[in-house]
Amino acid sequence: MRTAIVEREINSSALIAEVADHANGATLLFLGTVRELNDGRAVSGMEYSAYRGMAERELADIVAEAAKQFVTDDIVVEHRIGTLTLGDASVAIAVAHPHRGAAYDASRYVIEQLKQRVPIWKLEHYVDGSRDWVNSATGDRPETEHV
Amino acid sequence: MTVTVLLFASYADAIGERSMSFDIDAGATVADIVGLVRALPGAAQLPREPLVAVNERYAKRDRVLAHGDEVAIIPPVAGG
Numbered sequence: 001m002r003t004a005i006v007e008r009e010i011n012s013s014a015l016i017a018e019v020a021d022h023a024n025g026a027t028l029l030f031l032g033t034v035r036e037l038n039d040g041r042a043v044s045g046m047e048y049s050a051y052r053g054m055a056e057r058e059l060a061d062i063v064a065e066a067a068k069q070f071v072t073d074d075i076v077v078e079h080r081i082g083t084l085t086l087g088d089a090s091v092a093i094a095v096a097h098p099h100r101g102a103a104y105d106a107s108r109y110v111i112e113q114l115k116q117r118v119p120i121w122k123l124e125h126y127v128d129g130s131r132d133w134v135n136s137a138t139g140d141r142p143e144t145e146h147v
Numbered sequence: 148m149t150v151t152v153l154l155f156a157s158y159a160d161a162i163g164e165r166s167m168s169f170d171i172d173a174g175a176t177v178a179d180i181v182g183l184v185r186a187l188p189g190a191a192q193l194p195r196e197p198l199v200a201v202n203e204r205y206a207k208r209d210r211v212l213a214h215g216d217e218v219a220i221i222p223p224v225a226g227g
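If you read the sequences in order, they're chains A and B.
If you read the first sequence in our numbering, its first letter stands for residue 1, the second for the next number, and so on.
If you read the second sequence in our numbering, its first letter stands for residue 148, the second for the next number, and so on.
For reference, chain A alone in the conformation it holds in the complex:
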């Protein structure tokens, strides 16, 4: 198991290699990437920030929970912060397990918990030059309207 908040490009091949083990029959890689359209607005990039100490601990807790619940130690997660452009991976979750069902479940658990608990925020940059904080926990538009 390993988790990290990083300020560099995510090397997904390295993550897959890290979870490799002859005991495993299934390896999954989830990548979250910056997409060009959000709620109908053209996006040019994304600025991720974190409450770093807490984010690192919360992420480590989530992976420890997944490892216990789905019975595999072969889980590696990296979340990138800083300024990202279209197509850049913001998060990578590599999971390996003897069987695919548990691998899918573990991967899903990690991303869903991450989105609910890990204190990371994103400031979306739009093609028209404007910026807004994203509230993806609820799927709503930025809470700048009511904060």
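Keep in mind that the hints were calculated from the coordinates and are not lab data.
Heads up, none of these hints are tricks.
Restraint ranges, calculated between C-beta atoms of paired labels, are given here:
(1) Asp172/B x Asp39/A: 41 to 47 Å
(2) Ala173/B x Arg52/A: 29 to 35 Å
(3) Glu47/A x Arg208/B: 28 to 34 Å
(4) Gly163/B x Arg2/A: 33 to 39 Å
(5) Pro194/B x Arg100/A: 40 to 46 Å
We put the beta carbon where it would ideally sit given N, CA and C, even for glycine.
Go by the hints and put chain B onto chain A.
Chain B alone, transformed into the frame defined by chain A:
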């Protein structure tokens, strides 16, 4: 006693600060600190019950604070 309050993202933008110190009475709770922060200029529209972490762990509103605690007001998270 003194606690440190941390603000992030949209909340930091609204209030114009990322870190502040507050002198509080013994027995003060998370809810008391939230009340102090919401009274600051620019903070009126912070939710009445935002997520709060004390010393990097999510905490309930009735959590009693200790000298030196780090109280983070957490905007809706948006990782991934």
